[in-house]
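So the protein sequences, as listed, match chains A and B.
The working numbering puts the first residue of the first sequence at 32, with every later residue one more than the last.
The working numbering puts the first residue of the second sequence at -8, with every later residue one more than the last.
Quick caveat, the hints were computed from the structure, so don't treat them as lab data.
Some hints could be false.
Stated by the list, open to error - To list a few chain A residues with every Cβ distance to chain B over 10 Å, as calculated:
hint: 1; residue: 111
hint: 2; residue: 544
hint: 3; residue: 558
hint: 4; residue: 618
Stated by the list, open to error - Under 8 Å between C-beta atoms, here's a sample of chain B residues computed to sit facing chain A:
hint: 5; residue: -7
hint: 6; residue: -6
hint: 7; residue: -2
hint: 8; residue: 43
hint: 9; residue: 45
hint: 10; residue: 47
hint: 11; residue: 66
hint: 12; residue: 91
hint: 13; residue: 106
What the hints assert, rightly or not - Quick list of the computed label-pair ranges, beta carbon to beta carbon:
hint: 14; chain 1: B; residue 1: 79; chain 2: A; residue 2: 485; range: 56 to 64 Å
hint: 15; chain 1: B; residue 1: 59; chain 2: A; residue 2: 268; range: 52 to 60 Å
hint: 16; chain 1: B; residue 1: 41; chain 2: A; residue 2: 267; range: 53 to 61 Å
hint: 17; chain 1: A; residue 1: 269; chain 2: B; residue 2: -4; range: 39 to 47 Å
hint: 18; chain 1: A; residue 1: 348; chain 2: B; residue 2: 106; range: 31 to 39 Å
hint: 19; chain 1: B; residue 1: 32; chain 2: A; residue 2: 485; range: 57 to 65 Å
hint: 20; chain 1: B; residue 1: 106; chain 2: A; residue 2: 119; range: 39 to 47 Å
hint: 21; chain 1: B; residue 1: 19; chain 2: A; residue 2: 144; range: 27 to 35 Å
C-beta atoms are modelled at their ideal positions from N, C-alpha and C, and glycine is treated no differently.
Single-letter residue listing:
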Amino acid sequence: METFGVVIRWVHYLAASSLVGVFAFVVLVARPAAAVAGTDGVRLLAPLDRRLVTLARWLLALTLASGLVALARQATVATGRGFAESLTPATLGAVLLTTQYGIVWLVRHGLLLLLGAFLLLDRDSHDGADWLAVRLEGLLLGGLTLAVFAAAGHAASAQWLPTTAMVIDGVHLLATGLWFGSLLPLAALLRWSATLPTPAALPVTAEAARRFSALGVASVAALVLTGLYNTWEQVGSVATLFGTEYGRWLCLKLTLLVPLLGIAALNLLVLRPRLARAARTGAAGAGLANRLRRHVIAEAALGAAILAVVAILGVTTPGRHAQPEWPFAFRFSWQATKFLAGVQTRVAIGSQLALLGLIAALLAAIVRRRGWRWVVVAGAGGVGLGLAVALPPLAVDAYPTTYVRPAVPYAAESIADGLALYRAHCAVCHGVSGYGDGPAAAGLSPRPANLTGLHTLHHTAGDLFWWLVHGIPRSAMPGFADRLSVEQRWDVINFLRALAAAEQARELGSQVVPELGFAAPDFTFTTGVGEARSLKDYRGERAVLLVLFTLPESAPRLVQLSEVYPSLRFLGAEIVGIPLRRPREVYRALGSAPVFFPIAVDGAEEAATALGLFRRDTSPEGGRPDPPLPRHLELLVDRQGYLRARWLPGGEAGWRDPAAVVAEVERLTKEASRAAPPAEHVH
Amino acid sequence: MRVWKVVLLVDLALALGVGGGYLWWAREVRALRQELATARQAAEARQGTDRSWTVRGIVRVALPSQQALFITHETIPELMPGMTMGFEVADPKLLDGLAPGDPIRFTLRREGERLRVVAIERQRG
C-alpha cells in the first residue's frame, strides 16, 4: 500500500509538472525560436506543435487519472480499510469536502478539467490569437494546479508562518514544472530542428538553446532558494538532515541534483556558446545539437528520479518532527573544543586558507585570464587543505542518541526526581556536590568526572543519555539501562543540567548584568486554591521575582516586599513566594501579616528543590562545594525566562532595601537586548 | 465565437468569481464579527448589574471592625483571575471564628457598583 501510494504520487507529479512545462516551452521557447527562420519556420513548427499539444492532452489525462487513484487511496487512508469499503459516496464526499487535501484536490482537478475543455477546443487553430490563448491558458491553469498543490503538502502544516511556507513551496513546485517539464519538449524540438532546411536549422537550434537557458537559469535559481527555505522549514538542523529518514531521502535528492546541475552547467557554459558560434559562422553544428539532445534526455531521467524521491518525501514525516539518530561517531563542535590547546590556532589558519582558496578560485573563474584553470584547481586545493587543517580538531565523539530530543521538559518536578535518583545512584562516585569527589572516587582511574564543569554543558543531553544507558568504556562508569527507566534517565540529565548551570551561576549577584543569565527551570504551582500556573506562563509578559522563604523569620521581608508589590506590578513584574518548609501550613504560619503576592502551595517542594540548587555563590558560606540550603533566597527571572540576579540575605546589602529590587526590575524593563526564550527541553 | 474570446471570458469569470467571492466573504465575516460583538455586549449588559458568584478561597486576614476580609481566591468567572485581595463583607458576623489559612467557599454578590461577600461556608482543610 505504501509503495503503491508512492508510485501513484510519482506518476501524478511527473504528469502534472510536465504539463505546465510543455506549455511554457511552446510559448516561451519553441515559437520564438522558430520565428528566427521567418514565416517558414513557424509553418514548419506546426507538426511539432501538434505533437506537443497531443502530449499535453495525454499528460492531462494521466494527471486526472492518477489524481483519481490518489483520491481513492486517500479515502482508504482516511477509513483505514480496503478500497471496496472506502469507495462509498459518503466517504469520498467527506474526504473531498471536509479535509484540506480534498478541497485542494477539487480545486486542482476542476482547473484541470477546464484546461481539458480548452485543449479539445484547440482543433486546428493556426490563427495567432487563438493559438496563443489556448497555450497561455495551459501555462496559467497548469501552473495554478501545480502551485496550489503546496496547500496540501507538508508546507501547509508548517509551524512558523504557514502562509509564507505555502507560497514558497508553491514557487518551488512551479519552478520544477517549468524546468523539468520543458526538458522532453526541448529534446523533441532539437530532433525537429535538425530536419529544417540547412540555413535555418542551426540558428533555430541556437535560439532555442538560448531561450531555454534563460528559462532554466531562472527556474533553477528559484528552485535553489525555495529549496533552501523548505529544507530549513521541514528539517531545520544538521542532526535531522543526517539522522532522520526524511533527512536521508533529502540527502539522496540533493545527491541526484549534483549530476543534474553538472549537465545543466555543461550545456549552459560549453554547448550553448559553441552552438551560438556555429550558428553565426555557419559551421557544421549537427553534432552539437545531437549532443545537447542526449544531455537533455539524461537530465529528464535524473529529474524523474528526483521526483520519485519527492514522492517518497511526501509520505515521510518531516525531519523536524522525528527523533534524529546520528549516524556518525563524531560531530564538529566549536563550543566543546575551543578551550583545548592549539584548536583556535589550527581553526584560524585552516579557515583563512580555505577562504583564500575560495576567493582565488572564484576570482580566477570570473576574470578568466590566461592559465585561470590552474588557479581554480589550486584554489580548490587550498579549500580542501584548509578544511583538512581546521575540521579535525573540532571533532568530538558522538553517539546515535547525541541529538535526541529529551522526552521530559526541563522543569522542577523532573529536576527534583533527578536529584533523588542522583543521590541514590551517582553520588557515591561523583559526590553529592557533583565534583567527582564521592566516597568511592578515590580508588578509581580515571577519576569520576566533575559534573559541574563547563564541559558538562558542552556535551549534548543526548550524549549524557548515551552514557547513562551504555556507560563509558575504559572507565568505571557503568550503564544504567536496567536500573533507570527512560523517564528517570531524563530526570537525571535535567538535574545535571541544573547542577552545572547552578555552578556557572555562582557569579550571579544582586545586580543585573547584561548578557549574563541562566535558563530558569520551569515549575508549576497553585496558591492552594484555583488553577495551576507555570513560571513559563509569565514568559513574554512579566519578569518574576521568586522568593524562597522560611517562616517565621522571613515574615518581615515578605511584608516589606508586599509593600513594593504595587510598584513591581506597575513595572510589569510579578512576585511568587515559594515556602522552603511545610508549604501546606504557609497561610496559617503567616497569620495576619499583610502579604498579597501569590504563594506557591502545591508544587512548592519541587520548585524549592530545583531553584534551591541556585544557592551556590562566591561568598565564604555559599562558596563551599555543596552549601547548605539557605533560609531565604530571592531570584530574579527576566521576561524571557532567564535567571538574571540573586540575593541571599546575610552577605552584601543587596536587596535588603526593597527599593533595590525595584531598581533591578526597572533595569530589566529598560533592557534593549532580547534573547530568545530558553528551549523547553535541555539540549 | 473565436477561441481566444472564450478563453478570455472564462478567465475573467474565474477571476471575478474568486475575487468577488473573497470580497463578499470578507464582508460577511466582518458583519458576523460585528454581530457577535453586539450580542456579547448585550449579554454582558444583561448580567452587568446584579450577579453573584460562589467560589473557593483561603482566608488570609479577617478584619471584623472594618467589615473586610482578605482572601486568596480562585478565578471568578468573567470578573477577575485568581489573586489575593480584600472584599467588603455584608455582615461582620460572617467573619466569626475565621482564622488565617482556613479554606472556604464564599458567595460574592454584585449590586450595581457594589461588590460584597454575602455568605461564607467553611470547607474541611
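Verification of the supplied hints:
A cut-off of 10 Å between C-beta atoms confirms that residue 111 of chain A is not in contact with chain B; the least separation is 34 Å. Taking the minimum C-beta to C-beta distance to chain B, about 32 Å, the non-interface status of residue 544 of chain A holds against the 10 Å cut. The claim that residue 558 of chain A lies off the interface is violated: its Cβ sits roughly 5 Å from the closest Cβ of chain B, which falls inside the 10 Å cut-off. A beta-carbon of chain B is positioned within 10 Å of the beta-carbon of residue 618 of chain A; the least distance is around 4 Å.
The closest approach between the C-beta of residue -7 of chain B and any C-beta of chain A is roughly 6 Å, which is under the 8 Å cut-off, so the hint is satisfied. Interface hint at residue -6 of chain B: satisfied, since its Cβ lies 4 Å from the closest Cβ of chain A, which is below the 8 Å cut-off. With 8 Å as the threshold, the beta carbon of residue -2 of chain B comes within range of chain A, its nearest partner Cβ sitting at about 4 Å, so the hint holds. A hinted interface residue such as residue 43 of chain B counts as satisfied when its beta carbon comes closer than 8 Å to some beta carbon of chain A; here the least separation is about 18 Å, so the hint is violated.
Annotation: interface hint on residue 45 of chain B violated; nearest CB of chain A at approximately 13 Å, more than 8 Å. Among the interface hints, the one on residue 47 of chain B holds; its C-beta lies about 5 Å from the nearest C-beta in chain A, closer than the 8 Å criterion. The criterion of a C-beta within 8 Å of any C-beta in chain A is met by residue 66 of chain B, whose closest approach is roughly 6 Å, and the hint holds. At about 5 Å, the closest approach between the beta carbon of residue 91 of chain B and any beta carbon in chain A falls short of 8 Å, and the interface hint on this residue holds.
Residue-level restraint check for residue 106 of chain B is violated (minimum Cβ-Cβ distance to chain A is 17 Å; threshold 8 Å). A hinted range of 56 to 64 Å holds for the C-beta pair residue 79 of chain B and residue 485 of chain A, which are about 57 Å apart. Against the hinted window of 52 to 60 Å, the Cβ-Cβ separation of residue 59 of chain B and residue 268 of chain A comes to about 58 Å, which satisfies the hint. Hint check: residue 41 of chain B to residue 267 of chain A, Cβ distance near 55 Å, so the stated range 53 to 61 Å holds.
Distance hint check: the CB atoms of residue 269 of chain A and residue -4 of chain B are about 56 Å apart, inconsistent with the given range 39 to 47 Å. Evaluation of the 31 to 39 Å hint for residue 348 of chain A and residue 106 of chain B yields a failure: the beta carbon distance comes to about 53 Å. Distance hint check: the CB atoms of residue 32 of chain B and residue 485 of chain A are about 58 Å apart, consistent with the given range 57 to 65 Å. The given range of 39 to 47 Å is broken by residue 106 of chain B and residue 119 of chain A, whose C-beta atoms sit roughly 59 Å from each other.
Between residue 19 of chain B and residue 144 of chain A the CB atoms are about 28 Å apart, so this pair conforms to the stated range of 27 to 35 Å.
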